[in-house]
Amino acid sequence: MSNLRLPERPGEVIDRGTPLSFTWNGKSFTGHRGDTIASALTANGVEVFARSMKYKRKRGIMTADHWDPNLFVQVGDEPNVRAGSRRLEAGMQVSAQNVWPNLNFDVGTANQVVGRFLSSGFYYKTFMRPKWFWHNVYQRVLRKFAPGGRIHWETSTHGAYDKRYAHPDVLVAGGGPAGMAAAVSAAEADAKVMLVEHEPELGGHLRWGDADDLAALAELRSAVDAHPNIEVLLDSTVTGRYDHNWVAVMQRSHDIAPERLVKARVGSLVVAPGLIERPYVFSGNDTPGVMLSGAARRLINLWAVKPGSKAVVLSANPEGDAVIADLEAAGVEIVAALDARAGDDIAEVKGSGRVSKVVLGDGRTVDADLVVTATGWTAPTSLLNMAGDRPVYDPSAARYFPNQVPDNVLATGGITGNGSTAELAAHGTATGTLAANRALRLRHARRAAASRARSPEGPRPEVLEDTRTPLARVPHPECYLSSGANAKKGMVDYSEDVAAKDLVQAAGEGFDSIELMKRYTTVTMGPTQGKLETVNAAAVLAKARQMEMVDIGTTVWRPPYAPISLGALAGRIFEPVRRSALQDWHDAHGAAPLLAGQWVRPDHYGDPMGEALNVRENVGIIDVTPLGKLDLRGPDVTKLLELVYVNKWQKLDIGRVRYGTMVAEDGVVSDDGVTGRLGEDHYLMTTTSSGAGAVWEMLEDYLQTYRPEWDVHVTAVTGGLTSINVAGPKSRELLLRLVDGVDLSPEAFPYFNVRRGTVAGVEDCIIWRIGFTGELSYEVHVPSGHALHVWEALLANGEDLGIKPFGVESQRILRLEKGHYIVGQDTDGLTKAPSAGLGGLVKLDKPDTLGLPELKAAYERTDLPVLVAVQPDDPQLVPTEADQIVDGDSNRILGRITSSRMSPTLGRSVCLGQVDPSLAAAGTSVTILLVDGRRTTGTVQEHHAHVDPEGVRQNV
Amino acid sequence: MPTSIPRGCDRMSDFKSPITAGTVTAADGSVAVADETATAKVVVRAAAGTAAATDLGVGFGESRLRADGTLVCGTRPEEWTLFAGLERAGELAASIDTTGFVSVLDITHGRAMIRVSGPKAAKVLEKVCNVDLSDDMTPDGAVFSASVAKVTCDLLRSDRDGEPSYLISCERSFGGYLHAALADACTEFGATLPAGLGIH
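Listed in order, the protein sequences are those of chains F and U. Going by this note's numbering, the residue at position 42 of the first sequence is 249; the numbering climbs one at a time, nothing skipped. Going by this note's numbering, the residue at position 172 of the second sequence is 177; the numbering climbs one at a time, nothing skipped.
Among the clues, some could well be false.
To give a feel for the contact side, a few chain U residues facing chain F, derived at Cβ under 8 Å [to be verified]:
#1 Val63
#2 Cys134
#3 Ser139
#4 Glu168
#5 Tyr182
In short, the hints are calculated from the structure, not lab data. For each residue, glycine too, the CB sits at the ideal point set by N, CA and C.
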């Protein structure tokens, strides 16, 4: 490989004292710190970096920056790395992606031979029939050719991605001369500024300019560096602007993560992205060795790399003229300097793997290995589009210009017009001042409105009028499509392998609106997202339809401005987990974890059946902290309870507990629980674990909107009160050893009562005589900071009583044996109150209850499903929950099993189920369709409870 | 009857926090995440015009440190949270004039509390909390509610020795997770997490 590194250049960014070794397709190379992957490879003589997507044509450097469509490579296990902007690092293993078997010889080149069959709409036309071929053949083959590198997720060493939030007054998108000047002036106006530049250095085109440019760059950079109000994000891209200036920034190359998404709430957004140089469409324009003037100047001046030996230059602007001087300074022979303004043209480029000959517009053919074009600029108006702008094409300047944007979005720099460095900076300065004014006015208003903020020190800043002098629109020829005979073979979209002829064909087939053509041909739909292709595509279509460019329109740029890794969108994974004060104990004692919503709970301690039996025989304790708990205070609590529960609450004495069910406005059961009265105006409501948040929100909703005149305070106390259910025939005996201040005798403390007392020395505990298991049981609510003490005290003091902890699974067995239903399991989103077996609980004569009209209607119906207990006739067979109950002869669905377990108490399977009312009578035989297709039968029971339907055990 | 476990329970020494990991600090000391759950917390809800509302004397979004060391925070409209030493919960609750529609509730056990402090405290929080923490929008003493690492929290900026410091309280059961999430956010600034502490 040859060494194309030039002697030191004035503005070079490489550190020649720091060589870096790396590999390219397995071969070792050396570059320097500051090189991009592409510049380092080019310095080593590499000319071909990739194969095109469809035709597998060899591709070389085109723009030598972040937007280069030909420089997507694989680095280690990371695909789609942009070699035009990714800085070289020692030890990088770089390889070409999507080539087979290798970059130099790819079997996919056969597509070039059949290329005429692969034109627009090829996929739509070809892979329609036969239908079954799609899944079995087409899809599998096409996937082999899918671009995008390879993800080695099994061995990936990628760390987590990251996110952060930011609230700058002014965010400047683009760190060229105008952007830097805007940042400095905004900062000097006391605005907090975030300056975002997608290259690893500030400066824009000044970086590869002449001595004057470099001097101006140094001055602007030092001004930026010196200002403490400016935060600079390099190697970062503003990818989207959303409502109210919610701006997304993708920050690359950060120490904490390979990519970081910055979500910024911005006062004023300054759009200063500069201009993107546009390729020229001619036959062979994708041959390695054909590049844009900016690429040649970057290679020479930033990385001191000689881009070729003999060059043809086609220039239509001063930047193109400047590249001639740079090439000559780099020792490149200029074999033809063509001036597009004077009508000069390139007809065709020839060469395989590298430019060898160039056919000029006048018919001459010259030998060359480098073709440099400078035929115009595309205004990257994406962020303006996202702010609602519809830029307008100006044929005299051959590019689009901003049209109308909201006050909090301002454009500056090359996107708005042309000018010297001083003129661009001056426009940027004026824009920065204006942006700061608008942002600081907004901040003033926010400070005045936010209760937490420091009150503004002075009056709101006066409105600053927009008196900026617009930048000039310098005339530029419309150079899009070569006049050469084969020009339509030229590529318009390098990422998608879409040539001009494909667009012409699409227009001929009727896809002649720019938006339709885009979708039919996929032009602008590759990873460069139209930055290089959009305007050329519109120009080709305009020519095909013989229309003016201004009438063709453009496709709409939507977020993201540049592709974003899915990992970056995910960021770090925040999944809140709730743990009771006892969960560490459960973990340490072998509990199987059960994830229930956000809670981690003990499912069982190894023997759920044994744990359940122990509750029936001795005493068990279970941590039921996730049970929702709402502290209700105020003189109007009763009114609230009357409203949200289906039953009546007027006559609940202090110390008494009542069960209640809630329904939504459609009469569907939404939650249930018990509520106890602790004092004159003080109640404690319990809810289901999963419904705690929703019930709290619903109560607040009603109190804050519908019934603001009611005096009720609701406070969620779920985690603050650790709930321990002590269940079993020996539970009272155990608590007698530990409870002070409460008479536990059945006469003084009967079922469905609540008391306050001291448990194991812990004051302020709440003791409920309730239960879900059907046994004598008490639920002890302990201030959570002392919960472990109480739990351990219960275990230690109950040792001789046979105490064991039990988990959620055992509780589910016990409650099913007792026939207690669970909202959400034995009911669903359609279950109205009559189907939940609530019987006389529901009072339809109340003046108001949530869902009352629906309840009344529901209770007049006779066709609603009924909740029943079912026992399979095969006592050892446990149907799966959700097994269907069907007609005996057919598969007509007549219900379903909602809960099923093997009962250790009865030694047989037990179920709850929702059934058609015709099957609800006790003794009815039902047919259950099992998961495996078999049928079995079961018998409807008289009571929901399979065990102790009379309630003897819990009422002792 | 076994008596191996003493029935007495010392309110102070036996108080268990949901956060078991110790303080996480950046290597250069620029930020620290510490557990301050063992603090008395009393929530007062009082209608406007009540003696309690007048006595508490701070508006929504504001806070003040009383001479007796009690921190009074205007947590929400017509709602205050009082913080003091763990042993003072009862005293705090009893100090409120409950004339009128006033509720006083000891939530000492119901909330975990974490302090994030140091010059880079705001940098840590801006990784997990979308609130403008600049000095003018969120000055020392500011009280607000926000999502922190997807957990609903009450926050108080309570600077110490001239350095930014934020007290964050959340529902107790989230405490361990929130501490881990905040500690994770500190790794960017040089903190090393204790074994077993992390969110991934």
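(request) Would you check whether tyrosine 182/U satisfies its interface hint, that is, whether its CB is within less than 8 Å of any CB in chain F? (result) holds, 5 Å
(message) Does the closest beta carbon of chain F sit nearer than 8 Å to the beta carbon of valine 63/U?
(response) For valine 63/U, the interface hint is violated, since the closest Cβ of chain F sits about 11 Å away, which is over 8 Å.
(message) Hint validation: glutamate 168/U versus chain F, beta carbon distance must be below 8 Å. Holds or violated?
(response) violated, 18 Å
(request) Using Cβ atoms only, decide whether cysteine 134/U comes closer than 8 Å to chain F, and label the hint accordingly. (result) holds, 7 Å
(message) The hint names serine 139/U as touching chain F; please verify it with the least Cβ-Cβ distance against 8 Å.
(response) holds, 7 Å
The earlier numbered hints that this structure contradicts are 1, 4.
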